Amino acid sequence: MQAILLGIDRLSGFIGKLFAWCILVLTAVICYEVFARYLFRAPTGWAYDVSYMLYGTLFMMAGAYTLSRNGHVRADFAYRLLPPRRRAALDLTLYLAFFMPALLGMLYFGWNFFLASYGQNEASSVSPTGPYIWPFKFVIPFASALVLLQGMAETARCVICLRDGEFPPRDDDVREMEEVALASASMQHGGQPAKGSTP
Amino acid sequence: MSDPVLGMVMLGSFVFVVLLGFPVAFTLMAMGIGFGYFSLGDRVFDLLVQRTYAVMANDVLISVPLFVFMGYVIERANILDRLFRSLQLAAGGLPGSLAIATLATCAMFATATGIVGAVVTLMGLLAFPAMLRAGYDARLASGVTCAGGCLGILIPPSIMLILYGATAGESVARLYAAAFFPGLGLALLYALYVLVLSMLRPSMAPELPASERNLPFVTVLTALLTSFVPLAVLIGSVLGAILFGLATPSEAAAMGALGALLLAIVYRALTWARLKESVFLTARTTAMVCWLFVGAYIFTSVFGWLGGHHVIEDIFVNHLKLNTVTFLIVTQLIIFVLGWPLEWSEIVLIFVPIFLPLLPIFGVDPILFGVLVALNLQTSFMTPPVAMAAYYLKGVAPPDVRLTQIFAGCMPFVGLVVMAMTLLYIFPEIATWLPSYLYDLPTGVQGQDLTILPEGGFKESDEPELPPLR
Chain A
1 MQAILLGIDR LSGFIGKLFA WCILVLTAVI CYEVFARYLF RAPTGWAYDV
51 SYMLYGTLFM MAGAYTLSRN GHVRADFAYR LLPPRRRAAL DLTLYLAFFM
101 PALLGMLYFG WNFFLASYGQ NEASSVSPTG PYIWPFKFVI PFASALVLLQ
151 GMAETARCVI CLRDGEFPPR DDDVREMEEV ALASASMQHG GQPAKGSTP
Chain B
1 MSDPVLGMVM LGSFVFVVLL GFPVAFTLMA MGIGFGYFSL GDRVFDLLVQ
51 RTYAVMANDV LISVPLFVFM GYVIERANIL DRLFRSLQLA AGGLPGSLAI
101 ATLATCAMFA TATGIVGAVV TLMGLLAFPA MLRAGYDARL ASGVTCAGGC
151 LGILIPPSIM LILYGATAGE SVARLYAAAF FPGLGLALLY ALYVLVLSML
201 RPSMAPELPA SERNLPFVTV LTALLTSFVP LAVLIGSVLG AILFGLATPS
251 EAAAMGALGA LLLAIVYRAL TWARLKESVF LTARTTAMVC WLFVGAYIFT
301 SVFGWLGGHH VIEDIFVNHL KLNTVTFLIV TQLIIFVLGW PLEWSEIVLI
351 FVPIFLPLLP IFGVDPILFG VLVALNLQTS FMTPPVAMAA YYLKGVAPPD
401 VRLTQIFAGC MPFVGLVVMA MTLLYIFPEI ATWLPSYLYD LPTGVQGQDL
451 TILPEGGFKE SDEPELPPLR
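Heads up: the sequence lines are chains A and B, in that order. Numbering-wise, our numbering puts 41 at position 41 of the first sequence, and it's gapless, one number per residue. Numbering-wise, our numbering puts 321 at position 321 of the second sequence, and it's gapless, one number per residue.
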């Protein structure tokens, strides 16, 4: 079971990190557009479409990655103080009542949204080159399926926590600077590990 | 239950449901869909997909990942130590010099990176112990560290104003122009407070030993040139390009990201590992902000469809009988109180859109309102129970510094923010002058309107001369 959960974490992480590199391409595309416009007086016809597609793909594809690292913001000042079993019970309820219906809806209707666009071979209408836009719309069902899968893994973690009394480990990689600083400070001061490391 | 009542139930229950600690983006999405389903049926899911796509194809929000990326690259460029050291040397002779240097470093670094948590924790490890060692009062030391770090979301280029611009449909360039002087002014107000306090109570901020104060001018200048100046030039050129209309915010942000990468190369801090970290963290932060935007967009759309705005309007206009001044006080008070449990992103994306339709009724400029909100949200980092800045500082501070001391240190700065908001209300020109100077059409001499066609010249007869019909 644990292997499956960590496998889902890795899958989300792999896809999120793969598309994270869009940020470098996005920086390059927009800088090229600026140079082309000011230095060569020859603005491109494709940079606008390409830039919003890169941005949209970047954040949608990173949704599951962020969820797998517990990176989606929570209003958690009370939640943080609860014992793990309570937190798991709350999360489990809301994953089933809130998360699943919303993401299933996004998946199903997003797929229809993509099909409608694919069926007419839709092209962008906002720039002269007019690239095909249906691959970009495919990102919605794909990303929501991935977030849904990650959400199922999180739901399973809540069940495990209800049984065992603590959350099972999750895949981990780079951390925010403040987390690193907090961890190193608590090591220095010889205290217990930093509080607020929510599941 | 009628639709507007449903809308109010939706808003009211949200305030409680969000505190259950579930990821806010999904809470908003589900509540929007749930309440919308009563009235819209299956079409609410089409709304969900359409709104998601609208966020994906939004050309204002493109600058969010770019500014975030620029911030992470600068954060990992080994620049903070040098910056603090050089500003400390430069502030040498002033009363409370360490506190002022901390304030300036925090403001500068937070403006460049836009990441409050990182600034507060890093400065909490670097400047805070330095101040305590120099005999500074722990309350003053924690106040300047927290307050300085929070300035990052106010002083442009800040992500909060991009999100406000995207929700309110206002130009980001105009918002940046409007927030420029209030942001700088608040930083100066903080510095002035520290200066006066250190002069009145030297025991709270003792002078540095003479060896630290009287350094040769060249040393100070070199220190500034290698740390302060490059960062200031980077921020200045990004902001200048936006304000003077040379580039759109997203173009300026991309150039800023490129500049940050170059800066990191010059500081020999750009390793493959660090680049990867910055890229991955950018993806996570962008996903967090933009999924929240999607959720909030659906929530506020359904709230609007149910007619919740009319109820709010009815309450504000007919029941409370507010005028412009009391309207501003009430709304800012609500935002201030919401800042206790919630974070700025949730407030800007969910509650501010609810007030936006009321602004024309009370004759409030949405740009000015945005700057007031941005000022107000400074306090949300410093007021309990969710004082993010205070908790971060507590996490890195030496164990004998108590949380109550940190809160006590933050209170004067919360007071200063309230004072700044009052000043801004009395003298709105602080915010409105720059955008109007930069972007409003010139009215020309003697109030002549330069946009109308001049007399004579381009006249065309109404009836075109056609060849006669045969």
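Be aware that a few hints might be false.
[What the hints assert, rightly or not] Taking beta-carbon pairs under 7 Å as the criterion, some of the chain A residues facing chain B (in silico):
| id | residue |
| --- | --- |
| 1 | Phe14 |
| 2 | Lys17 |
| 3 | Val34 |
| 4 | Val73 |
| 5 | Leu94 |
| 6 | Phe98 |
| 7 | Ala102 |
| 8 | Gly105 |
| 9 | Phe113 |
| 10 | Ser117 |
| 11 | Phe138 |
| 12 | Pro141 |
| 13 | Phe142 |
| 14 | Leu148 |
| 15 | Phe167 |
| 16 | His189 |
Hints were generated in silico from the structure; no laboratory data involved. Please read these numbers as outputs of a predicted model, since none were measured by experiment. Beta carbons: idealized from backbone N, C-alpha and C, even for Gly.
Hint check:
1. Phe14: This hint is violated: Phe14 of chain A lies away from chain B, its Cβ roughly 11 Å from the closest one there, beyond 7 Å.
2. Lys17: holds (6 Å)
3. Val34: holds (5 Å)
4. Val73: Nearest chain B Cβ about 6 Å off; hint holds.
5. Leu94: Holds - the Cβ of Leu94 of chain A comes within 7 Å of chain B, reaching about 4 Å at its closest.
6. Phe98: Holds - the Cβ of Phe98 of chain A comes within 7 Å of chain B, reaching about 3 Å at its closest.
7. Ala102: At about 4 Å, which falls below the 7 Å cut-off, the nearest Cβ of chain B leaves the hint on Ala102 of chain A intact, so it holds.
8. Gly105: holds (4 Å)
9. Phe113: holds (5 Å)
10. Ser117: Status violated, d = 10 Å.
11. Phe138: violated (11 Å)
12. Pro141: Violated, about 9 Å.
13. Phe142: The hint is violated - Phe142 of chain A has no Cβ within 7 Å of chain B, the shortest such distance being about 12 Å.
14. Leu148: Violated, because the Cβ-Cβ distance from Leu148 of chain A to chain B comes to roughly 11 Å (cut-off 7 Å).
15. Phe167: With Cβ-Cβ at 14 Å, over 7 Å, it is violated.
16. His189: holds (5 Å)
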